[in-house]
Amino acid sequence: MVIVGIDAHTRVHTAAAIDEHGRVLGMLEVGAKPSELDRLARWVASFDGERLVAVEGAKGFGLALTRRLLEQSEAVVDVAAHLTAQGRKASRRRGKDDEGDAITIARIALREPDLPRLRPEHLDADLKLLVDARDQVVTEATRVRNRLHALLLSLAPGYRDATGSLATKRALTVAKRLVLKARAVEPVRAKLALGAIARLHALDREAKELEHEIATALDSRQATHLLGIRGVGTIVAAKILGETRGVDRFTSQAAFAAHTGTAPLPASSGQTTRHRLNRGGNRQLNRALFTIALVQTRCDPTAQAYLERKRSEGKTPAEARRCLKRHLANVIYKAMLADAHTLADHEIDIAA
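Take the sequence shown: its position 335, counting from 1, is numbered 335 in this note's numbering, and each next residue is one higher.
Careful, some of the hints might be misleading.
To be verified - List time: in silico DSS-like cross-link candidates among lysine-lysine, alpha-carbon distance up to 27 Å:
id	residue 1	residue 2
1	LYS181	LYS191
2	LYS334	LYS128
3	LYS325	LYS310
4	LYS96	LYS128
Unchecked claim - Beta-carbon label-pair distances, calculated as ranges:
id	residue 1	residue 2	range
5	LEU337	SER46	36 to 46 Å
6	ASP97	ARG230	49 to 59 Å
7	THR142	ARG111	40 to 50 Å
8	GLU29	THR216	34 to 44 Å
9	SER73	LYS208	40 to 50 Å
10	THR316	GLU186	47 to 57 Å
11	THR10	ARG143	27 to 37 Å
These aren't lab readings, by the way, just hints derived from the structure by calculation. Values in this document were obtained by computation on a predicted structure and should not be read as measured data. Idealized CB from N, CA, C, for every residue including glycine.
Can you make the complete structure from the sequences, with help from the hints?
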């Protein structure tokens, strides 16, 4: 068996091929242009027998290359950057270079046979891109709103009595009226405030357009089981699906929980058996689970009873909430599996 490790960057990709004993069979460095990626794909295909390609950043800098490799039916796995860093420290090579990293990536794939194989649907980033874009718009709107607040404090002291929060169209309309009244006294501040108000209207329209696109993309995935969970709305469901990119790549509920950072880490020694908080994992998924847990804590009797039971076992409120998030990771995993099976059955019906 030949394992090819690829260290992908913005301008160059470095590949190293090893055999089943970890011995280096060859090295190749190519550019990031399409013709260069084709050359690398042909080089991989030149090795006879069973092949496995391990790419660091297969969904990042190595995305275009990974797509080419999957098109020619190569078996491809994604190697996380932290695994490469750990492997680099354990190797006998001193310092860091791309050739050494490519060899390390290949040897990681050799000793980790359970790394999930990638499929074309795992590279589908549409939902993630839409949700990330919407998050950026919301963040930008918060910045502009804070700037407008600072300007209004001088232009119209006590403006909040008339506008309330600056998060609605009505509030911005009232704020604009107050700014126009003060424009003769503070022309520069008024100009900046009017620009901020116009910017907030534009950001609101952009956010609504993105939310409509997210809802449309979510409909095509038939996420009925996921959306049926209390606390899971359109945006949260899209974030979960966008970050997961195919629930079938997780072999179990525990694997998914570890990916979300909700599974506690063992920290036992000797006669002491304990676990500690996991601060790793996908923090966007962790945030989505926190949102769901927060909603269920407020309005779901089942979740409230679960928290009370954990409190009665001697856990602190924070520990009980973490247990709820871990439980919700299982619920989300099962719902995504059910939706994946429903979608697969639907596609079979259409094909028939």
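Cross-check of the supplied hints:
1. LYS181 - LYS191: holds (12 Å)
2. LYS334 - LYS128: At roughly 21 Å apart (the allowed maximum being 27 Å), LYS128 and LYS334 satisfy the hint.
3. LYS325 - LYS310: holds (12 Å)
4. LYS96 - LYS128: Given pair LYS96, LYS128 is violated - Cα atoms ~32 Å apart, limit 27 Å.
5. LEU337 - SER46: 36 to 46 Å: holds (39 Å)
6. ASP97 - ARG230: 49 to 59 Å: Holds, since ASP97 and ARG230 (Cβ atoms, about 52 Å apart) stay within the stated range.
7. THR142 - ARG111: 40 to 50 Å: At roughly 46 Å between Cβ atoms, ARG111 and THR142 fall inside 40 to 50 Å, so the hint holds.
8. GLU29 - THR216: 34 to 44 Å: holds (42 Å)
9. SER73 - LYS208: 40 to 50 Å: holds (42 Å)
10. THR316 - GLU186: 47 to 57 Å: holds (51 Å)
11. THR10 - ARG143: 27 to 37 Å: holds (28 Å)
Taken one by one, the earlier hints fail for this structure only at number 4.
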